[in-house]
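Numbering (the working numbering), first residue to last: 1065 to 1147.
Since the hints were derived computationally from the structure, they do not count as laboratory data. A quick note: this is a predicted structure, and the numbers were derived from the prediction, not measured. Even glycine gets a Cβ: it sits at the ideal position worked out from N, Cα and C. Treat the hints with care, as some may be off.
Claimed, not checked - Pairs of lysine-lysine residues, derived as BS3-like cross-links and limited to a Cα-Cα distance of at most 30 angstroms, are as follows:
(1) LYS1113 <-> LYS1083
(2) LYS1113 <-> LYS1096
(3) LYS1096 <-> LYS1083
Said to hold, decoys possible - Here are the in silico distance ranges between beta carbons for each label pair:
(4) ASP1085 <-> TYR1111: 31 to 39 angstroms
(5) ASP1085 <-> ARG1121: 31 to 39 angstroms
(6) ASP1085 <-> GLU1134: 19 to 27 angstroms
(7) ASP1074 <-> ILE1135: 21 to 29 angstroms
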Amino acid sequence: LGVLITMIDDRLTFARDIKGDVSDLFGDIMFKTVIHRSVRLEESPAYRKNIFDHAPRSRGSEEFIQLTQEIIERCRNSSPTHS
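Turn these sequences into a full structure, and let the hints steer you where they fit.
Following this line, the structure appears as structure tokens:
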């Protein structure tokens, strides 16, 4: 379906450079959604919870919701039409 960047920390120049390089390489198949590095995402497995239960209002939770919507949209747009 596409290429997803995860665990990115936009504060780091190196991370921004890699993000740009990946975007240049994969272009249109890149997901617009990016999953950023976050304490809440990193700690949720320790609590044996998904991010939606552990920190439902966190940036990570919002990004995964956005990714889900983007995946659904891509699936709808790529599904064959029946005549």
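Going through the hints against the structure:
no. : hint                                    : in the structure
1   : LYS1113 <-> LYS1083                     : 29 angstroms, holds
2   : LYS1113 <-> LYS1096                     : 26 angstroms, holds
3   : LYS1096 <-> LYS1083                     : 11 angstroms, holds
4   : ASP1085 <-> TYR1111: 31 to 39 angstroms : 34 angstroms, holds
5   : ASP1085 <-> ARG1121: 31 to 39 angstroms : 32 angstroms, holds
6   : ASP1085 <-> GLU1134: 19 to 27 angstroms : 21 angstroms, holds
7   : ASP1074 <-> ILE1135: 21 to 29 angstroms : 22 angstroms, holds
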